[in-house]
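Asker: In case you want the letters, here they are:
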Amino acid sequence: MQYFLTILLSGLLAGVMYAMVAIGFVLIYKASGVFNFAQGSMVLFAALTFVTLTEHGVPFWAAFLATVAVMIAGAVIIERLVLRPLADRSPLTLFMATLGLSFVIEGLAQLLMGTDVHQLDLGIDDLPLDIAGLQLSQFDLFASAVAIGLVVVLSVVFDRTRIGIALRAVADDVLAAQSIGIRLPVIWRIVWSVSGVVALIAGLLWGARQGVQFSLTMIVLKAMPVLIIGGFSSIAGAIVGGLLVGATESLADIYIGPLVNGAVSNWFAYILAVGFLLIRPSGLFGDRTIERV
Amino acid sequence: MMTTAAPILAVDNVHVIYGQSILALRGITLRVNEGSIVALLGANGAGKTTTLKAISSLVRAERGRVAQGEIRFRGDIITHADAAGLVRRGIVQVLEGRRCFAHLTVEQNIVAGGYAHRPSRRVLADDLDRVYTWFPRLKQRRRTAAGLNSGGEQQMIAIGRALMTRPKLMLLDEPSMGLAPMLVEEIFEIIRNLNRREGVSFLLAEQNTGFALRYADHAYVVENGQVSAHGTAADLAARTDMASLYLGAIATD
Numbered sequence: 001m002q003y004f005l006t007i008l009l010s011g012l013l014a015g016v017m018y019a020m021v022a023i024g025f026v027l028i029y030k031a032s033g034v035f036n037f038a039q040g041s042m043v044l045f046a047a048l049t050f051v052t053l054t055e056h057g058v059p060f061w062a063a064f065l066a067t068v069a070v071m072i073a074g075a076v077i078i079e080r081l082v083l084r085p086l087a088d089r090s091p092l093t094l095f096m097a098t099l100g101l102s103f104v105i106e107g108l109a110q111l112l113m114g115t116d117v118h119q120l121d122l123g124i125d126d127l128p129l130d131i132a133g134l135q136l137s138q139f140d141l142f143a144s145a146v147a148i149g150l151v152v153v154l155s156v157v158f159d160r161t162r163i164g165i166a167l168r169a170v171a172d173d174v175l176a177a178q179s180i181g182i183r184l185p186v187i188w189r190i191v192w193s194v195s196g197v198v199a200l201i202a203g204l205l206w207g208a209r210q211g212v213q214f215s216l217t218m219i220v221l222k223a224m225p226v227l228i229i230g231g232f233s234s235i236a237g238a239i240v241g242g243l244l245v246g247a248t249e250s251l252a253d254i255y256i257g258p259l260v261n262g263a264v265s266n267w268f269a270y271i272l273a274v275g276f277l278l279i280r281p282s283g284l285f286g287d288r289t290i291e292r293v
Numbered sequence: 001m002m003t004t005a006a007p008i009l010a011v012d013n014v015h016v017i018y019g020q021s022i023l024a025l026r027g028i029t030l031r032v033n034e035g036s037i038v039a040l041l042g043a044n045g046a047g048k049t050t051t052l053k054a055i056s057s058l059v060r061a062e063r064g065r066v067a068q069g070e071i072r073f074r075g076d077i078i079t080h081a082d083a084a085g086l087v088r089r090g091i092v093q094v095l096e097g098r099r100c101f102a103h104l105t106v107e108q109n110i111v112a113g114g115y116a117h118r119p120s121r122r123v124l125a126d127d128l129d130r131v132y133t134w135f136p137r138l139k140q141r142r143r144t145a146a147g148l149n150s151g152g153e154q155q156m157i158a159i160g161r162a163l164m165t166r167p168k169l170m171l172l173d174e175p176s177m178g179l180a181p182m183l184v185e186e187i188f189e190i191i192r193n194l195n196r197r198e199g200v201s202f203l204l205a206e207q208n209t210g211f212a213l214r215y216a217d218h219a220y221v222v223e224n225g226q227v228s229a230h231g232t233a234a235d236l237a238a239r240t241d242m243a244s245l246y247l248g249a250i251a252t253d
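Taken in sequence, the protein lines are chains D and W.
Residues 1 to 293, numbered by our numbering, are exactly what the first sequence covers, in order.
Residues 1 to 253, numbered by our numbering, are exactly what the second sequence covers, in order.
Be a bit skeptical, because a hint or two may be false.
What the hints assert, rightly or not - Negatives, chain D to chain W, calculated, CB over 10 Å:
{"id": "1", "residue": "113"}
{"id": "2", "residue": "177"}
{"id": "3", "residue": "222"}
{"id": "4", "residue": "277"}
Said to hold, decoys possible - One-sided and incomplete, this derived list gives chain D residues near chain W with beta-carbon spacing under 10 Å:
{"id": "5", "residue": "84"}
{"id": "6", "residue": "86"}
{"id": "7", "residue": "121"}
{"id": "8", "residue": "124"}
{"id": "9", "residue": "159"}
{"id": "10", "residue": "165"}
{"id": "11", "residue": "169"}
{"id": "12", "residue": "176"}
{"id": "13", "residue": "184"}
{"id": "14", "residue": "186"}
{"id": "15", "residue": "189"}
Hints are computed from structural coordinates only; laboratory data are not their basis.
Note that the structure is predicted; figures quoted are calculated from it, not measured.
Note that beta-carbon positions come from the ideal geometry of N, C-alpha and C, so glycine has one too.
Chain D with its partners taken away, still in its complex shape:
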């Protein structure tokens, strides 16, 4: 039992990392209906920028703020060069555009900062902690705390601030939002900026664990089942989906892995996602329309 709980909890904590990536997707999808394939590239670009700065002797917080500024500048450029010219095109066109964007961002990262694998030390030791007989990774706990903090900040912003309410208004009804004078380009710039900051935080956590390298962009593929399970339009869904994927993956690895002679965690999440597509296509928290009957 103790062993099971340890596996479950470490799975859940790993799931937090998936959720962080998925949240970036959800923000952009909600506010602009764009499935942003470039989210993974943004994670890489942000982490790489940060790590390059710190390797040149820039202190942690200065590097963090500078990277935030870079991500905001990137959002403004993307809105101007990609989103605005393609406004009100079909979702597929926009998806293809973000696919192209992901290559541009990766190419740019390579051009500016090279292809080396960088070590990233956030100053958190990855030593197992013994809590009530359960072996838990200190780093995972730290990552979870960061994720919880991020979600709390986001939900307060969305519920209490003008920008947050305007974002949700656009997510609910684009034309009605325009009819009361909300400017879509402004909303897009904001939401891509926020998504860029989320990408930075996710990139730092992933980078500290695996090293900052180009394979970071692959986590976009791991975010996919998380989104299908949680629903594309809900931050809560992204979190629950991430936790579910993390937990089932690590449990499946231990309990199903030996039966099929291999690493189950590489594909288990996708099987789970296919199951959801068959049974509950809008995901656990996907948008069901609010309607009075």
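Given chain D, work out where chain W should sit, using these hints.
Answerer: Just chain W, lined up with the frame of chain D:
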């Protein structure tokens, strides 16, 4: 209310094209005098909605554009102005079907209407109170999700939200749609009071000809993207062919 002074809105020979080729309006011409209520009557697909969206520039959000003609607001040409800029200048459209932000609370819906002017907290709170005095029922429902309110309440939310932009001219698309007659009456009474006490001018598209002519000063009948008849509401109400126009509308619906 007497119609006086210069027109707040002048639409001249406006043609609207959707996409590359669909001609939705073929030369609409109309006037809204400062402080008046003007009704736009006609069948489904006649061009009422497109006329309103051409004025508010929301056609451009749907890949439409004014291909010919001119729209003036208090003398200034606004034919190709951007929608958000027009809201700041005092033109606001309440869309057909109300289009509340379903997942936001009633209060968040209304408050969102106030953002365009970047008001201080104080001003925003005052404006919100003003909307609540117009629609006391919304104050009771302020914490509920807008999507869970009745059709009449949602129409009030939509009008209240638009009021927050401090409009000079309000474009209302089918305010009576799907509402029981008593509620339609209530909504039209509010429109009349807003017109008299706050000096808001109205251009409203309506299929409910009877109600519209009772409350409007002036009316235009739109057919096939053009004005086929116009006059004071009293004159149009007295015309015998109005009934056939409206009945014709139902027949071709």
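Asker: List, from low to high, the hint numbers that the structure doesn't satisfy.
Answerer: Violated hints (numbers, rising): 2, 5, 6, 7, 8 and 15; every other hint is consistent with the structure.
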